[in-house]
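A.B. asks: Below, each chain spelled out in residue letters.
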Amino acid sequence: MKYNDVTILTANTRDIIINKNELAARLKVSRNFENDLVTLCTDRLMDVITYKCAYIKTSIDLSQINQCDFGFMDVVSRNLYQNLLGCHQAFVMAVTTGIGVDRLLAKLNVTSQAEHFITDAVSSAAVESFCDYASNILQTEYNCRPRFSPGYGDVSLKTQKPLLDRLNASELLGITLNHSYLMTPVKSITAIMGVQS
Amino acid sequence: MKKITDLIKEKRVYFDGGTGTILQEMGLPAGQPPELWNITCPEKIINLHRSYLNAGCNIIKTNTFGINADKFSNYEELIRAGIDCAKKAVDNQYEKYVAFDMGPTGKLLEPLGELKFEDAVDLFAKNVRAAADCGADLVLIETMNDSYETKAAVLAVKENCNLPVFVTNVYDASGKLMTGADPAAMIAMLEGLGVDALGMNCSLGPDIMLGIIGEFQKYSSTPVIVNPNAGLPEVIDGKTVYNIGSEDFSDYMIQLAQNGASILGGCCGTTPEFIQKTIKKTQDLPYVLPSEKDLTMVSSYTHSVIVENDPILIGERINPTGKPKLKEALKTNNLNYVLNEAIKQSEAGVHILDVNVGLPEINETEMMIKCISAIQAVSDLPLQIDTTNFETLEKAMRMYNGKPLVNSVNGTEDSMNHVLPIVQRYGGSLIALTIDEKGIPDNAKDRAKIAAKIMKRAADFGIRKKEIIVDPLALTISSNPESAIVTLESVKLIRQMGLKTSLGISNISFGLPQREIVTSTFYANALQSGLNCAIMNPFSAAMMNTYYAYRALNMLDNGCVDYINYASNDKNNHHTPSAEKPSEGSQNLHTGIVKGLKESAVACTKALLKTTEPLDVINNHIIPALNEIGTAFEQKKAYLPQLLMSAEAASASFEEVKKKISVEQSDKSKSIVLATVKGDIHDIGKNIVKVLMESYGFTVYDLGRDVSPEKIAECAVSNHCNLVGLSALMTTTVPSMAETIELLNKTDKNIKVLVGGAVLNQEYADMIGADFYGADAMDSVRYAESFYQNQ
Chain D
1 MKYNDVTILT ANTRDIIINK NELAARLKVS RNFENDLVTL CTDRLMDVIT
51 YKCAYIKTSI DLSQINQCDF GFMDVVSRNL YQNLLGCHQA FVMAVTTGIG
101 VDRLLAKLNV TSQAEHFITD AVSSAAVESF CDYASNILQT EYNCRPRFSP
151 GYGDVSLKTQ KPLLDRLNAS ELLGITLNHS YLMTPVKSIT AIMGVQS
Chain A
198 MKKITDLIKE KRVYFDGGTG TILQEMGLPA GQPPELWNIT CPEKIINLHR
248 SYLNAGCNII KTNTFGINAD KFSNYEELIR AGIDCAKKAV DNQYEKYVAF
298 DMGPTGKLLE PLGELKFEDA VDLFAKNVRA AADCGADLVL IETMNDSYET
348 KAAVLAVKEN CNLPVFVTNV YDASGKLMTG ADPAAMIAML EGLGVDALGM
398 NCSLGPDIML GIIGEFQKYS STPVIVNPNA GLPEVIDGKT VYNIGSEDFS
448 DYMIQLAQNG ASILGGCCGT TPEFIQKTIK KTQDLPYVLP SEKDLTMVSS
498 YTHSVIVEND PILIGERINP TGKPKLKEAL KTNNLNYVLN EAIKQSEAGV
548 HILDVNVGLP EINETEMMIK CISAIQAVSD LPLQIDTTNF ETLEKAMRMY
598 NGKPLVNSVN GTEDSMNHVL PIVQRYGGSL IALTIDEKGI PDNAKDRAKI
648 AAKIMKRAAD FGIRKKEIIV DPLALTISSN PESAIVTLES VKLIRQMGLK
698 TSLGISNISF GLPQREIVTS TFYANALQSG LNCAIMNPFS AAMMNTYYAY
748 RALNMLDNGC VDYINYASND KNNHHTPSAE KPSEGSQNLH TGIVKGLKES
798 AVACTKALLK TTEPLDVINN HIIPALNEIG TAFEQKKAYL PQLLMSAEAA
848 SASFEEVKKK ISVEQSDKSK SIVLATVKGD IHDIGKNIVK VLMESYGFTV
898 YDLGRDVSPE KIAECAVSNH CNLVGLSALM TTTVPSMAET IELLNKTDKN
948 IKVLVGGAVL NQEYADMIGA DFYGADAMDS VRYAESFYQN Q
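First to last, the sequence lines map onto chains D and A.
One point on numbering: in our numbering, the residue at position 166 of the first sequence is 166, and numbering is uninterrupted.
Just remember that our numbering sits 197 ahead of the position in the second sequence, which is counted from 1.
By construction, these hints were calculated from the structure, which means they are not laboratory data.
Warning: the hint list may mix true and false statements.
Unchecked claim - Listed below are several chain D residues computed to face chain A (Cβ distance under 8 angstroms; list not exhaustive):
(1) Val38
(2) Thr111
(3) His179
(4) Thr184
We put the beta carbon where it would ideally sit given N, CA and C, even for glycine.
Next comes chain D alone, as it looks inside the complex:
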């Protein structure tokens, strides 16, 4: 089924400023760490990244305790329920940096483990930064709860499946799931963000 109410949001690669703290944490270095190879890996990565986000705004029904009914999926979770309590709507979103990053990582896995490690870290920080950017845009008109992703707390990773299906993510973003509910492209994030009434 192709749902037609999904909105796509994109950004130019260079417009997304990678969060420095996030990057340092992923590289396992201090915040002021600088290195030519990191710069080189970042530049090369920027050539293959395509940021894309798909989202919907949907009603949620929290009338049953610890049960979050999104209409298209029912998530049984205490943590998500707590997070959404008081909201009647939520943004459901998925973001990705595109399959080009997976191809680059596969190649670097052969040619250089140092570059592979660095590029993996930078792309993780990049997808987080883009997800922040997209959430900020969604929040300009609404007061939103902190982002919540499948896999956090007691929300099963299996939630990825109905969520991505609803967003038509395979077609619109190229995001697919494997048998363990992990996403390809690897640098992708799914999230739910409650809209405060």
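Once you have looked at the hints, place chain A on chain D.
C.D. replies: Structure of chain A alone, referenced to chain D:
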């Protein structure tokens, strides 16, 4: 009734439009698959079809887009009901057809995804078999955003029914599929597979497709389908609105029709009104079928390579003949070596990679498939499948993602009878060798005759002349003095016949000293004689010099831009890099490793080796430098990226040293088996340990990820290796680690096991009976070093 394939030759035909929006308006709840309505409310589906037929369209798409055996256990029933609805709506009306609609599986294929190619073919085949006898007039494969999945679907149709097959892909605004293919790449592959019509649908409005249609007009000899969305969706007050109305849509469709679109229709957001207006405005426009394009095209999953005036370089390095290192790599299943050769050649500027893995000791078919899959994960160049084994060729052409170049067919009955049907089935361009039962003719005329014979026979199989690239065979001048002259004459003669040519260029100098001099001069002569493709060594500066100079001299390199780039690149001229000054070798090697400067470390090692014994370079220079950075890391004065860079610089340096060490001197005694345990696919930690171990001179048997206990034990035993390193990143795979340790203990109690990975700690390690817990990579190396010192 006329077949749809005949009708599209005579006049413009029309597809219906979107269904999702209309079904939702009819009351389909969000989240419910519309295909269920085929059974629960067929009258609504029939009405939807009728509204499009009344609007004037010729082909309606069955409501089966999302059905496959993985998603619906009753897929056969749903498919039959869907076709039944469409048949009832069509009701044998004149020039109205039912297209059985197949959408994507929603899964990504290997190597980046986990769906196996043959499993994808099977999944589609189940659909096709369910649909085959229900009376559809054609199969439409639509909304495909991956070339590989598209190929799987087309093969499934071709192998399970006799219906015509139409294919439309989803292009984005940059004119590419989500996984990277451009229209030319898709056209090359789909025409090779013999589809009846091809084109684009969904994703974009007709305005943006207008920017892409030119590519189809340029490359496609097959009728082109254009089924756009009604522009881009916007959600306004909770309702989806598309930004192009039926009037504008149909105006754009006029332009699309005038620019080569043969079959028109709509996708998301379009309604019968859109289709009706489109038909009204375009039905009287002159209908011109696409011309037959005389283009020799091969493709990968991203782009095509067209063999015409601009010379094509085919990298010859993945071929074990005369390459002992590659032979060894293939025998030991060392794919990394093969992949490195692939990456290095593509960086050197070749257009196509030859892949030949024929060795008597190995299973060629298995290895070919493994290599193609792995190479296609790291390089986007089209491949040349090089084999004399027909079974290997068949399997490789089938699973190749794109349209390959096949090396080769020759003029013998045996070769033509086997190779041509395979190429007919899967599509490919073909290297044709001018040799037959009587051998290689000694003159150009007879070589051309063999080429003509192959061309004629290929035509019997529907393989067009443009697909044939003749290799008139270069033999070494050291034993055949007239060889170069005859070959060059053959190239000229065959080009005059309107065929393309290729040569395995390096053969010409076999047996001579300083072969590059002869080979590159011969290459220049051959280019001048009209040679199109050369199977060659891209690491030969002389060859690359000739290539770039020839293009600049023959107006193939506008403004000499490529030549200037090539000639001003340091790697391509003969200046000595500053780091190679011998006097500074020692100091700089230490700095090079500590700072992680790979190129500098290599240059310094080379310099140092002129004055220092190889083992001294290791023990007095490489190891101390590594220890310095290792200690800095342990004291948190250096970070993991730096440690890795240093390890790589040390490994590169170590490789240089190894070249000087005779076999007896090589330290085979220090070895370790490394693996990520069964069920776990994370290998970054294991790979870090591997790099570090190698830089310390260990022989590493890397078994990869998701490895069974049996395989690990077998490797340790067969290599007499008493040290095994296991990695796990997921808590769920720790039991699998315990199982592995248990088996290793049973197998040989002398085997020591060190474990590491994000989920482990000392306590866990003790619990599962590991001999050592490595908190990080450096820790593991120190343990391994001490293990061998205590032996």
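A.B. asks: Does each hint hold? Answer for all of them.
C.D. replies: A quick look at each hint next to the structure:
A hinted interface residue such as valine 38/D counts as satisfied when its beta carbon comes closer than 8 angstroms to some beta carbon of chain A; here the least separation is about 7 angstroms, so the hint holds. For the restraint placing threonine 111/D at the interface with chain A, the shortest Cβ-Cβ distance is roughly 6 angstroms, inside the 8 angstroms limit, so the hint holds. The interface hint given for histidine 179/D holds, since its Cβ lies 7 angstroms from the closest Cβ of chain A, which is under the 8 angstroms cut-off. The interface hint given for threonine 184/D is met, as the beta carbon of that residue sits about 5 angstroms from the closest beta carbon of chain A, less than 8 angstroms.
In the structure shown, no violation is registered for any of the earlier numbered hints.
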